[in-house]
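Engineer: Here are the chains, one letter per residue:
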Amino acid sequence: MNKFQEGIYIKDRGREELLELLKGRQDRFGYLSREFLVEVSNSLSLSVGEVYGVATFYSFLSTKPLGSHVIRICKSVPCFLKDSQIIIECIKEELGISLGETTADGKFSFHLTNCIGACDRAPAMMINNDVYGDLTPRKISRILGEYHRA
Amino acid sequence: MPEKRLVLKNSGVVNPRQITSYLGRDGFKALKKATREMSQEQVIEEIKASGLRGRGGAGFPCGLKWDLARKAQGDEKYVICNADEGEVGTFKDRYILETDPFSLIEAMAIAGFTIGARRGYIYLRAEYHYLLELLSSASRQAKEGGFLGDFDIDICEGAGAYICGEESALMDSIEGRRGEVRYRPPFPPTRGLWGKPTIINNVETLMNIPQIILNGAQWFSQFGTEKSKGTKVFSVSGDVKRPGVYELVLGSQLRELVEELALAERVKMVQLGGATGRIVPDEMLEEPLSFETILGAGAVTVFDESRDIIDIVYRTMEFLAEESCGKCAPCRQGTEAMLEILGRLSQGEGEERDVRLLEELSGAMMLASMCGLGQAAPNPVIDSLKYFRGAYEDRIPKTSGVKL
Numbered sequence: 006m007n008k009f010q011e012g013i014y015i016k017d018r019g020r021e022e023l024l025e026l027l028k029g030r031q032d033r034f035g036y037l038s039r040e041f042l043v044e045v046s047n048s049l050s051l052s053v054g055e056v057y058g059v060a061t062f063y064s065f066l067s068t069k070p071l072g073s074h075v076i077r078i079c080k081s082v083p084c085f086l087k088d089s090q091i092i093i094e095c096i097k098e099e100l101g102i103s104l105g106e107t108t109a110d111g112k113f114s115f116h117l118t119n120c121i122g123a124c125d126r127a128p129a130m131m132i133n134n135d136v137y138g139d140l141t142p143r144k145i146s147r148i149l150g151e152y153h154r155a
Numbered sequence: 012m013p014e015k016r017l018v019l020k021n022s023g024v025v026n027p028r029q030i031t032s033y034l035g036r037d038g039f040k041a042l043k044k045a046t047r048e049m050s051q052e053q054v055i056e057e058i059k060a061s062g063l064r065g066r067g068g069a070g071f072p073c074g075l076k077w078d079l080a081r082k083a084q085g086d087e088k089y090v091i092c093n094a095d096e097g098e099v100g101t102f103k104d105r106y107i108l109e110t111d112p113f114s115l116i117e118a119m120a121i122a123g124f125t126i127g128a129r130r131g132y133i134y135l136r137a138e139y140h141y142l143l144e145l146l147s148s149a150s151r152q153a154k155e156g157g158f159l160g161d162f163d164i165d166i167c168e169g170a171g172a173y174i175c176g177e178e179s180a181l182m183d184s185i186e187g188r189r190g191e192v193r194y195r196p197p198f199p200p201t202r203g204l205w206g207k208p209t210i211i212n213n214v215e216t217l218m219n220i221p222q223i224i225l226n227g228a229q230w231f232s233q234f235g236t237e238k239s240k241g242t243k244v245f246s247v248s249g250d251v252k253r254p255g256v257y258e259l260v261l262g263s264q265l266r267e268l269v270e271e272l273a274l275a276e277r278v279k280m281v282q283l284g285g286a287t288g289r290i291v292p293d294e295m296l297e298e299p300l301s302f303e304t305i306l307g308a309g310a311v312t313v314f315d316e317s318r319d320i321i322d323i324v325y326r327t328m329e330f331l332a333e334e335s336c337g338k339c340a341p342c343r344q345g346t347e348a349m350l351e352i353l354g355r356l357s358q359g360e361g362e363e364r365d366v367r368l369l370e371e372l373s374g375a376m377m378l379a380s381m382c383g384l385g386q387a388a389p390n391p392v393i394d395s396l397k398y399f400r401g402a403y404e405d406r407i408p409k410t411s412g413v414k415l
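Sequence lines, in order, name chains A and B. Here the first sequence is numbered in the numbering used here, starting from 6 and rising by one per residue. Here the second sequence is numbered in the numbering used here, starting from 12 and rising by one per residue.
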């Protein structure tokens with residue numbers, strides 16, 4: 006399978022599809038490698054710097070490998086008022102990793118993010134594209150357990 | 012005062028997945044009326060007469076914006092719905108999208124007809140990806156039902172950047188770039204997306220359009236105040252027993268929202284309008300909510316007496332410094348400088364010149380920043396200094412008897 010078939014088809018795309026291309030790659034491969042960024046820049050006739058600039062601007066894109074499941078805990082004020090700090094400590098303990106790290110089995114990465122618009126269910130977090138709110142330490146255990154089993 | 016659900020009239024009533032449910036509640040009648048019985052100019056006159064102002068925070072007159080785009084030269088024009096909703100504490104657009112996507116679709120089609128655009132984009136923040144399927148389905152059902160004519164709607168997703176809620180950064184993002192703010196003029200109705208005439212409207216602003224067309228400007232302008240017509244949808248969070256989304260007639264008191272509806276007690280202050288919003292102390296809760304007094308995009312975060320104002324302002328500035336696009340120095344450097352000072356203050360290590368420095372930085376940022384992020388970043392600092400100056404003074408170890 007050549008790179009165009011297995012990855013995201015790049016040829017014949019316009020500059021306006023750059024973000025979509027990067028997001029597609031992020032979804033499928035979990036990160037944007039240097040090689041991929043160079044390939045995209047060649048295909049779209051853009052400088053590598055330009056492509057790298059877009060890849061590093063958006064917080065949901067990563068140039069480093071992430072776990073299969075990316076946990077993003079909201080650290081903004083409304084969730085802070087509802088003890089997001091406890092949730093953050095809870096995840097650290099459950100997974101045995103610190104912020105920005107990935108578990109040894111590659112299953113989970115753990116980051117903080119800014120307001121995700123779930124303030125009525127604070128404290129809240131996302132795992133990949135799913136939102137979990139009204140979090141408690143017990144709920145965290147249950148949720149992570151489901152992902153472990155899946 | 013009870014809620015007045017105009018924008019939210021279908022929320023919880025209509026099935027957001029079934030167009031037939033929407034059709035049963037006057038769905039697409041406004042679009043039919045506009046395209047078959049009215050001219051573009053008549054639609055604009057109606058919106059101007061209604062007094063509808065933008066609901067995303069800036070409050071720009073909607074009719075005027077559409078008129079500028081309609082009159083602008085361009086072979087292609089665009090309608091953009093700003094569904095980025097990244098302002099801290101704001102989730103009212105999320106609720107609208109979840110519960111009544113068809114009204115939004117209809118409104119965008121009306122906008123397209125009015126300005127002469129055949130293409131609309133919904134810019135949906137990445138954090139609302141779980142709404143993508145619902146929105147796509149609504150758009151598809153409307154198109155397949157023949158309601159949209161030759162108007163097409165695409166959904167563009169963000170990738171986690173607060174600044175992409177700012178209209179010019181949003182356009183850069185759709186164009187596949189870093190979400191950086193643009194110099195204005197030119198303004199979007201003249202030169203916007205790919206240089207073409209473009210209108211960008213908040214979700215809630217658009218939600219008002221079908222009813223204004225159906226019921227008329229006079230009906231709409233009976234609600235609200237002299238300069239703020241209609242209703243406003245608010246999202247309440249923080250130290251309240253009933254967080255959630257509430258819609259009130261403009262001019263209603265903040266106290267009604269916070270205490271009567273959301274059941275807050277022992278309120279110390281309210282952050283109104285998110286990180287770039289205003290801080291309202293308890294003694295000002297009788298303030299009416301309107302563009303001419305105090306409003307924002309709808310975020311209402313309540314803090315009780317246990318909360319530390321300096322810590323809250325520090326966390327707010329941390330958010331703003333992180334999310335600054337970095338293009339202009341007043342914002343990029345200013346938010347960092349403020350953060351450093353607030354950091355020391357929150358640790359009780361303030362210096363005597365800190366308050367003066369914050370005030371000087373505020374002046375420069377408000378004057379020279381390229382967009383609302385930098386211009387309004389000083390708001391929480393200015394407001395907390397005005398109403399809670401003592402909190403700052405407490406954080407500055409006294410080396411002499413000099414009062415600030």
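No wet-lab data here; the hints were simulated from the structure. Be a bit skeptical, because a hint or two may be false.
Claimed, not checked - Distance ranges between label pairs, derived from CB positions: (1) B:M295 x A:S38: 37 to 47 Å; (2) A:K69 x B:W205: 24 to 34 Å; (3) B:G354 x A:S50: 36 to 46 Å.
Computed from a predicted model, the values in this text were never measured in an experiment. Cβ coordinates follow ideal geometry from the N, Cα and C atoms, glycine included.
Engineer: If a hint holds in the structure, say so; if it doesn't, say that too.
Structural biologist: Tested hints:
no.	hint	in the structure
1	B:M295 x A:S38: 37 to 47 Å	53 Å, violated
2	A:K69 x B:W205: 24 to 34 Å	33 Å, holds
3	B:G354 x A:S50: 36 to 46 Å	44 Å, holds
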